[in-house]
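2 protein chains.
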Amino acid sequence: MKNKLICLILLAFSLNLQAENGHSLWLRAKSSGTVNIVCAKSSLTLAIAKQELEQGWLGQNGAKIVLTVKKDKAIENDGYKLSENEIQANTELGILYGVYELLRRQQTGEAIIQNEICNPSYQRRILNHWDNLDGTVERGYAGLSIFWHDEEKGYAVTDKDRALWTEYARANSSIGINGAVLNNVNSSKLMLTSECLEKVKAIAEVLRPYGIKTYLSVKFSSPSLIGGLQTSDPLNPEVIKWWKEKANEIYNIIPDFGGFLIKANSEGQPGPQDFGRTHADGANMLADAVKPFGGIIMWRAFVYEANSNDRACQAYKEFMPLDGQFRDNVIIQVKNGPVDFQPREPFTPLFGAMKKTSVMPELQITQEYLGHSVQLVYLATMWEEFLKSDTYQEGNGSTVARTTDGSIFPQKYTAIAGVANIGLDSNWCGHHFAQANWYAFGRMAWNNQLTSEQIADEWLKLTFSAKDEKTTTFHAADWQKNFLVPVKQLMMESREAAVNYSMPLGLHHIFAGLNNTHYGPGPWFAPKGIRKDWTPAYYHKADSLGIGFDRTSKGSDAVSQYHEPLKSLFNNVETCPELYLLWFHHLPWDYKMKNGRILWDELCYTYDKGVNEVRQFQKTWDKVEPYVDVQRFSEVQSKLRRQCRDAQVWKDGCLLYFQQFSKRPIPFDIERPVYDLNYLQKTDLTDMLK
Amino acid sequence: MKNKLICLILLAFSLNLQAENGHSLWLRAKSSGTVNIVCAKSSLTLAIAKQELEQGWLGQNGAKIVLTVKKDKAIENDGYKLSENEIQANTELGILYGVYELLRRQQTGEAIIQNEICNPSYQRRILNHWDNLDGTVERGYAGLSIFWHDEEKGYAVTDKDRALWTEYARANSSIGINGAVLNNVNSSKLMLTSECLEKVKAIAEVLRPYGIKTYLSVKFSSPSLIGGLQTSDPLNPEVIKWWKEKANEIYNIIPDFGGFLIKANSEGQPGPQDFGRTHADGANMLADAVKPFGGIIMWRAFVYEANSNDRACQAYKEFMPLDGQFRDNVIIQVKNGPVDFQPREPFTPLFGAMKKTSVMPELQITQEYLGHSVQLVYLATMWEEFLKSDTYQEGNGSTVARTTDGSIFPQKYTAIAGVANIGLDSNWCGHHFAQANWYAFGRMAWNNQLTSEQIADEWLKLTFSAKDEKTTTFHAADWQKNFLVPVKQLMMESREAAVNYSMPLGLHHIFAGLNNTHYGPGPWFAPKGIRKDWTPAYYHKADSLGIGFDRTSKGSDAVSQYHEPLKSLFNNVETCPELYLLWFHHLPWDYKMKNGRILWDELCYTYDKGVNEVRQFQKTWDKVEPYVDVQRFSEVQSKLRRQCRDAQVWKDGCLLYFQQFSKRPIPFDIERPVYDLNYLQKTDLTDMLK
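Going line by line, the protein sequences match chains G and Z.
According to the working numbering, the stretch in the first sequence is residues 1 to 690, in order.
According to the working numbering, the stretch in the second sequence is residues 1 to 690, in order.
Note that these hints are calculated values from the structure, not bench results.
No experiment lies behind these values; they were computed from the predicted model shown.
Do not rely on the hints blindly, as some may be mistaken.
From the structure, some residues in chain Z lie toward chain G, with a derived Cβ separation under 10 Å [said to hold, decoys possible]:
hint, residue
1, Asp328
2, Asp629
3, Pro665
4, Asp669
5, Arg672
From the three backbone atoms N, C-alpha and C, an ideal C-beta is built for every residue, glycine too.
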């Protein structure tokens, strides 16, 4: 077994030497000399650590490095103490993390301070794979699942699978990710069958040496769906017993199994409310089942009702009354924003508000609402904005980060989840720059104080600075000036550009409804009979008087879910940040913005600005051609071209649609639309001009 | 008969009062008072003249106007003498032309000088309809034929047909057009059958009162195809007899029949060379057949050979040796440029060179190579450039206009032809602004010294100034400043913009080959086995060294077909106008332009300029919204949007294709391409994003 795994690990290394199709991710350093490793212990994990050092060592040739597994109070969890020639950790995994950090600093040139302690912000740093058992990936834009294939072929595992999972595990481990939910939150009932669990066991075995625990999404109604029971009522003794036995079965074959992720009573998924029980009843029953094995339950707060007048209020309304009722191994998993992973949302008000319950943020790495794997959108700026948002729940500085990482509330478990953007595409993520979002999630999960700019800097150095046939002749200073600086700027501006050309000023969820792609613009989408909260008009509320969702105290009163001073700040149009203006306010078309423009004009200028920002990105990228290998250069160039076309479609579609209400001209210093509204209204942008 | 025609004429007037779909063309003046018409004679044509005066009179209320048919030596042909209250002419048609001119001046506010003589530049001012007998129109972008319907339905003529033909005749007559070739130069053999000629008779009867003669395109092999003869050899007595009898038959039913238009030994059409005879043999035989009836033969010089190394030289090579051999009722019909109606060509060198033969220009009103009826391209600037080109054949000032209108050479017949852009579309031409090209052709055919700007001015005033519900409140000065001036400027710049974004600097015929649409870019088009001269590479000759067709004395020597000083001017790269640079020269990518840029950069900037010009047109048009009725405004706006998208495709396709040879970056102050070359290479732009 051990030998087989080492073989796989070696295979993973050799795969990294393939052509520049992006498969090597940020792991492309090749050692420039030898290193003398001293380590008293041995294990699979330590073997990996040693191999990484040997393969990637860029320090002094022949230098000595000591790896010491030894308890130290200052080191928490799988953290480590780093010096130029020593890594000390409480755990073997801590050593591996330290090795990755050391190699990263060698490659990026970042300073290594003697005895620097690096501890993780969250104990559990988890990818959520929305992978279906048939191999498709919900909201996946990088090919089919790396874990699951066509169900008809069963759950066979090949050496090729194991090799790929090893690469996956290595990549995750290198950025501190230590958990993976292997299947979609819209779970298949088959997930908990014994055949399926056998495959999970095989995956877990590959992931384990890299310190990655496996988790599963499960259907709350599993007892009746596959267990032969009449009910799945969480208070029913048979149901309780069934789950305990199932937990036992799982832990028997996967001793380090992480736990369950549950989407319950949400978008048609079954849950405890089907039986008149609360979320707490449901979550606690499952928590009791896994508790003996150290498992946790991640219970999602993504809930909304068809007839609610404001979907954004729902999670708070349902979960706040349950605060304090959950077991200590239940964590409520809350999306960053109260609607749904939009390009820009204020933070969900549950953060900081649930003081007696563990809460974990759920971020979306896959770009469901941010341009799929077509558009270059670096998400870390959005996550930084979110994590640093002050909830004021425990005074100034009660940031989302601090309310979730244990700094403020004594959570037994701290965790953070990111919905993965990984698939079978040769470059893993569909877009070369989407790798940066995977990378950034891991880095921010490890250290929620890192800035998005630092992470972009690191990622670019690791991903694009490796020498190849084209870059061998460049000096570092030239590369920094002509590649690193402009491309980092592009990344840093990319999310704001996407907001500008898609839904600026607090607009949200005005996506195309056709085929439910969430790709192009669709503020007009409203087929007969559809739920109101599934139409963009529910969110933008454009009419002859104005535009925006009134969430003030005179409207849906969503503002009241925020702690003062935010409540008043958002409630008052004079103080509400203009970034969130139309999220909280319905305003007349001629509302005067702070810059003196009227709202309609500002909307026009902002959409136009977004288009021009993408054009600028194209120029930036075209200029760095000498610094990038041919394949990645041209693939990114091609995607940026399409992004530019699609940004134009967003601008045209939204401005022409809203113009029907505003009845005002698009300011004449702005480029005119190039599409007719009626054309865009009947076109699916994901198919258009591929 | 006479009553029926008058009824149709009245019907035509009432049709003009329809909604603003553009059907009324430039004929929308409604009289503001009464006029007292004095006319000693009466006829169908004079009845029309009187009716036009009554319907459109904008002069002094109750004023007297005298219409006098009286010979006057100063008045030529169907010219007229115009005063504020009198029109004198040699012919009744001259009176009608004078009436249209008087009404036009009343409407545009142009001065009416006492006893001003207005004579036509060309005797025959002819539309060529490339209409097929099945109702389709070759290179027609305005719906099906107004003359021909589905052949299977036979040649029945309805009152609706006659009403439309009456409107057509009126529109033509109002701008001086006096002839129409009713069918495609790629003629059907059925054209000369008796059934078909009966329909021609019906059309001729409707057109006659408006002074419009009918002509037909005929297949040179008609004697064998429909006459039962073994040959169509023009020197064969049976063939000669057949044509004489056919002419007799035609003139028997259409006494004012104009004559034949022949496309012979061109693009697969039969001709005298099939029998070892010359163009002169063929043309003269036909000329003899129609001569007794006053008919003419228009013989096209549009010939080229599969294996020629320079298609542009062919017409001159074939026809110059025949100069002097043609009957006096043969006119050689020569396209303005030596290749084929390209966005920009130097004039065909036959003009002025054939000194002993009548030569007539053939212009293309339908926008085969200039954006179909999608793009707003005002062609009169191109025609003006052409007509004013100096051939130098008889010294300075031997312009194409003067070498063809009888000023220099004593042609018995002078004529000019324009390939029509007319179809069943409610606005006749597909694009509202394509009407301006029909209008301009007529006006220039009447007076080849008119400037394109004067004509644009006239046309805009006639077509857009009529009061409607939106414009009633505007004062003329406001309209002039805010509508006339900017829209005229748009028109005047439109052809140069089209050249810029499609084939600048002398590039030509680099159109998409897919489906033979001649719409989008296709410099790459080269399917296996195709004739070389049907591929764009034959014309652009791009390679690693440079781009352009070497037609200098060291190349194909096409320059030698031009009279000095043009020959030397074109031959020398230093003196060759840059507009024609790549027409005459193959130049290195880094060739230094007069502005200091290298050729590649100049190409990039010029394509980009073209795109930005269309964007500017969009702004211009959007600003005039208050001055235009809703339907025409939005239809033109929509077409401009597509033009902008398509200009972008042209720029991207050409620059990315040529960049493969130039290996140089697109200058970085230019917006980057938004399409990938391989996408455009497999896409038919006529279908894309309709």
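### Query
So which of the earlier hints does this model not fit?
Hints 1 and 2 are the ones this structure does not satisfy, whereas the remaining hints hold.
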